[in-house]
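Given these sequences and hints, build the entire structure.
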Amino acid sequence: MYNDSVLPMKKRSVWPVFFLILFFSTVFVVFLVFNSYNSMLDSIVSIQKSRVLLLSNEIKNKLKNYENYIEISSKAIEYDVSNRKSGALEKKISYLVDTNESVFSFAVYSISGNQVLTSGNTNLQLSPDITELTLLGSNLILGRSHFKPELGLVMPLYKPIQFRNETFIVSIVVSVESIFDSPNDIYNVEGIDSLIIWRDIDRYFQFVGPNNIENQIYDAPVEDSLVKSQLARLEKQTGKSIDTLKLEGLPIVNSINGSLRERFTTSVFISDYKIWLTLESNKKQFNKRFVSITLRYLYLYAFFILILTFIFVNIRVRTTEYEKKAKYLIEHDYLTGMKNALYFNQFLTDKVESKQKVNVALFYIENLSTINGLFGHSVGDQLVLKVAGILSTYDNKKDTIAVRVGGNEFAIYSNASSLNIISSEVSLLLSKPIKCENHYILVDIRVGLFFCDGNIGSLSEIKRNTNLALDKAKKHSLKVCRYESHFLDEFIRTTTLKEELQKAIERQELYVCYQPKVNINGEVYSLEALLRWNSAKLGHIPPDVFIPLAESTGIIHDFGDFVLDTVIKDRNKLSDIYSFSPNVALNVSLLQMLEESFISNLRNITEIHEIEPGLLTIELTESILMNNIEKIIQVMGEIREMGIKISLDDFGSGFSSLNLLARLPIDEVKLDRVFICNMDGNESENILLTIKNIISLCLDLSLEVVIEGIEDQETETVLKKLGAQNFQGYYYSKPMKISDLEMSV
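For my numbering, count along the sequence shown from 1 and bump the result up by 2.
Careful, some of the hints might be misleading.
DSBU-like mimics (lysine-lysine), calculated; alpha carbons at most 35 angstroms apart, straight line [said to hold, decoys possible]:
1. Lys-739 x Lys-722
2. Lys-66 x Lys-248
3. Lys-500 x Lys-434
4. Lys-51 x Lys-77
5. Lys-285 x Lys-327
6. Lys-62 x Lys-94
7. Lys-400 x Lys-388
8. Lys-571 x Lys-327
9. Lys-285 x Lys-329
10. Lys-66 x Lys-230
11. Lys-647 x Lys-723
12. Lys-505 x Lys-633
13. Lys-736 x Lys-694
14. Lys-77 x Lys-248
15. Lys-150 x Lys-62
16. Lys-51 x Lys-93
17. Lys-694 x Lys-647
18. Lys-94 x Lys-51
19. Lys-437 x Lys-500
20. Lys-481 x Lys-388
21. Lys-359 x Lys-434
22. Lys-477 x Lys-327
23. Lys-286 x Lys-276
24. Lys-736 x Lys-500
25. Lys-64 x Lys-77
26. Lys-476 x Lys-400
27. Lys-474 x Lys-388
28. Lys-505 x Lys-647
29. Lys-329 x Lys-437
30. Lys-327 x Lys-66
31. Lys-434 x Lys-399
32. Lys-353 x Lys-474
33. Lys-62 x Lys-388
34. Lys-77 x Lys-66
35. Lys-539 x Lys-477
36. Lys-326 x Lys-290
37. Lys-286 x Lys-64
38. Lys-477 x Lys-434
Hints listed in this document are in silico derivations from the structure and should not be mistaken for laboratory results.
Predicted, not measured: the structure shown is a model, and the values here were computed from it.
Shown next, in the form of structure tokens:
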């Protein structure tokens with residue numbers, strides 16, 4: 003039967019994965035760019051801090067040298083200054099100036115600022131102002147820078163000197179470049195544009211270089227508001243006061259706040275000389291380098307996206323091809339190429355959901371397993387292909403669909419009139435032998451039909467009803483069977499019977515009845531143990547109904563054990579009833595016979611309970627000989643070797659021939675009641691002759707003959723004349739429980 007699966011054809015797109023990768027790769031590139039920016043920023047800040055410290059140390063060294071120069075020179079002129087020997091003093095000072103190219107003038111001032119003596123260029127005499135004088139201690143004081151056309155930018159340096167307990171101010175005028183122009187151009191390397199030095203005391207510029215051409219910049223101080231705003235920003239940025247920053251003397255990045263600006267500035271305060279030193283770098287070079295690195299990342303990113311797009315487009319193309327192939331494989335049968343059960347289920351589901359009429363024919367090759375066993379699966383596959391070829395001719399014709407729904411099952415959907423015609427045509431076409439390899443095979447085809455007006459509830463109902471029609475066709479050997487409503491009632495009853503049958507032993511609903519066998523003198527010589535079922539829910543169920551169900555469900559073994567256990571329990575009572583130990587016949591099914599442990603279990607029971615084997619008879623129905631006859635004969639022989647008798651029941655029902663009796667290891671033959679039922683018919687003479695011949699043949703083979711179904715004395719008299727000696731039927735006794743049997747005797 004075809005299953006209930008429906009096509010799982012949910013498509014999955016690769017593009018969400020593509021966009022996910024695109025998103026994360028974009029985030030990664032942005033991270034790289036951001037990280038590169040910060041790394042470059044950190045690098046340039048670190049470089050500028052190092053350069054500022056290096057430059058400040060170099061400036062301090064130069065100023066220290068000038069301070070030493072003043073101290074040494076002062077020693078040389080100390081005597082002359084104290085004694086006011088101006089002539090000798092001027093010569094010495096002129097010598098001191100001439101021997102140092104960077105010193106343009108040398109002068110001595112009183113502590114009040116009055117000039118005592120001078121030497122060199124008198125135009126360069128720059129007297130210290132009151133502000134500068136207030137700073138005098140023992141340190142060197144830097145005066146304001148001035149631009150002199152003939153010499154360039156110059157600056158006075160002041161230092162107090164003690165001459166014989168009298169303090170004087172020694173001043174020299176020097177070239178500003180000699181102090182602030184780095185011999186290594188430390189501030190003029192790549193990324194550094196200018197050096198700015200200004201006095202903390204009055205905020206005049208000491209030096210702006212190296213490319214400053216506006217000399218008037220030295221004539222006025224920096225605007226007070228601008229200085230205050232810059233210092234306030236430094237305090238806010240560092241979280242420290244300006245006084246603390248001055249004391250620390252560490253480089254301060256005071257123009258970098260994470261946004262793009264025209265310049266980077268790094269400053270340091272040289273506390274010894276009360277000046278601020280600032281390096282400025284133009285950000286154009288930084289931006290150019292940053293753009294270059296960013297473009298490099300963007301090129302790589304674009305290349306990656308291009309490759310990624312190519313890969314995913316290729317994957318999508320391949321996936322589409324795979325989906326088409328997979329869809330075909332899912333929807334089609336591998337052997338015949340026809341559409342399969344999954345496709346058919348989806349098709350029918352769509353019809354049901356849209357409330358359309360559903361008409362289905364289910365074709366079943368009944369003898370396919372036999373053909374596979376006899377001729378091999380290759381021949382069976384060829385047969386399936388031939389049948390598929392016939393059914394495929396109806397596919398896609400007038401809203402008709404033909405599919406293979408199972409190993410030996412096919413189905414066709416169409417309108418009602420077409421299905422009737424198709425079923426008849428297919429049955430006719432397959433009624434002739436089909437050649438497969440070197441064999442001509444007659445196909446045994448069964449067809450189950452189900453017609454619905456569109457009110458069906460579900461796919462499972464369609465399949466259930468179609469299968470019920472097919473089961474009925476197989477059970478009654480019909481070519482075509484159309485579903486009728488009572489099929490479902492029968493199915494429900496059978497299902498209920500099976501469910502109740504599973505619980506029958508547990509509920510003690512089963513019991514054993516005994517029906518006597520009598521000889522020609524009317525004496526009981528044997529009993530047949532017959533199983534009966536009285537269901538609490540369903541009432542009395544005939545054996546011909548529940549025994550086949552027990553065989554189909556596999557619980558016949560439990561039923562057989564129950565009968566045998568009951569007979570063992572009843573054997574003593576039976577002996578008391580009849581004053582002898584009667585032979586008891588047990589009915590055994592094919593499933594019990596073919597069970598591997600059947601013989602060993604039977605032997606163990608007879609030995610454990612000390613049962614004389616001759617007091618047991620195993621009754622086998624004639625139909626059992628249709629299946630694996632050689633195996634059956636072998637088992638029958640083993641039973642007889644144990645001393646247990648064997649009876650062939652229902653003989654003459656049409657399954658075996660008379661010449662088979664000679665091969666069978668049996669002791670008794672029971673003629674089927676069909677002979678008795680037909681004794682009064684038109685063929686009565688032939689029936690009587692057949693009975694007489696069977697009795698004669700069995701006697702010749704030393705077999706006992708029992709005639710079943712005796713209902714009256716007249717029948718008994720006729721059969722006795724034909725040579726019958728043993729009988730069984732309601733004329734003698736109906737099957738009874740052991741308690742009723744005791745009372746009847």
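Quick rundown of the hints versus the structure:
1. Lys-739 x Lys-722: holds, 29 angstroms
2. Lys-66 x Lys-248: holds, 20 angstroms
3. Lys-500 x Lys-434: Outside the cut-off at roughly 39 angstroms; violated.
4. Lys-51 x Lys-77: At roughly 39 angstroms apart (the allowed maximum being 35 angstroms), Lys-77 and Lys-51 break the hint.
5. Lys-285 x Lys-327: violated, 61 angstroms
6. Lys-62 x Lys-94: holds, 27 angstroms
7. Lys-400 x Lys-388: Holds. Lys-400 to Lys-388 sits at ~23 angstroms (cutoff 35 angstroms).
8. Lys-571 x Lys-327: Violated: Lys-571 and Lys-327 sit about 68 angstroms apart, past 35 angstroms.
9. Lys-285 x Lys-329: violated, 62 angstroms
10. Lys-66 x Lys-230: holds, 30 angstroms
11. Lys-647 x Lys-723: Measuring from Cα to Cα gives roughly 27 angstroms; hence the hint holds.
12. Lys-505 x Lys-633: Given pair Lys-505, Lys-633 holds - Cα atoms ~32 angstroms apart, limit 35 angstroms.
13. Lys-736 x Lys-694: holds, 26 angstroms
14. Lys-77 x Lys-248: Holds, at roughly 34 angstroms.
15. Lys-150 x Lys-62: holds, 24 angstroms
16. Lys-51 x Lys-93: Status violated; Cα separation ~46 angstroms.
17. Lys-694 x Lys-647: With Cα atoms ~24 angstroms apart, Lys-694 and Lys-647 stay inside 35 angstroms; holds.
18. Lys-94 x Lys-51: The given pair, whose Cα atoms are some 43 angstroms apart, is violated under the 35 angstroms limit.
19. Lys-437 x Lys-500: Status violated; Cα separation ~42 angstroms.
20. Lys-481 x Lys-388: Status holds; Cα separation ~19 angstroms.
21. Lys-359 x Lys-434: holds, 33 angstroms
22. Lys-477 x Lys-327: Roughly 40 angstroms between the alpha carbons, so the hint for Lys-477 and Lys-327 is violated.
23. Lys-286 x Lys-276: holds, 32 angstroms
24. Lys-736 x Lys-500: holds, 27 angstroms
25. Lys-64 x Lys-77: Status holds; Cα separation ~20 angstroms.
26. Lys-476 x Lys-400: holds, 29 angstroms
27. Lys-474 x Lys-388: Since the Cα atoms of Lys-474 and Lys-388 sit roughly 25 angstroms apart, the hinted pair holds (cutoff 35 angstroms).
28. Lys-505 x Lys-647: Roughly 32 angstroms separates the two Cα atoms, so the pair holds.
29. Lys-329 x Lys-437: holds, 33 angstroms
30. Lys-327 x Lys-66: Judged against 35 angstroms, a Cα distance of about 90 angstroms means the pair is violated.
31. Lys-434 x Lys-399: Roughly 25 angstroms between the alpha carbons, so the hint for Lys-434 and Lys-399 holds.
32. Lys-353 x Lys-474: holds, 26 angstroms
33. Lys-62 x Lys-388: violated, 109 angstroms
34. Lys-77 x Lys-66: holds, 17 angstroms
35. Lys-539 x Lys-477: Holds. Lys-539 to Lys-477 sits at ~27 angstroms (cutoff 35 angstroms).
36. Lys-326 x Lys-290: violated, 53 angstroms
37. Lys-286 x Lys-64: It holds: about 32 angstroms lies between the C-alpha atoms, which stays within 35 angstroms.
38. Lys-477 x Lys-434: holds, 22 angstroms
Consistency note: the structure conflicts with the earlier hints numbered 3, 4, 5, 8, 9, 16, 18, 19, 22, 30, 33 and 36.
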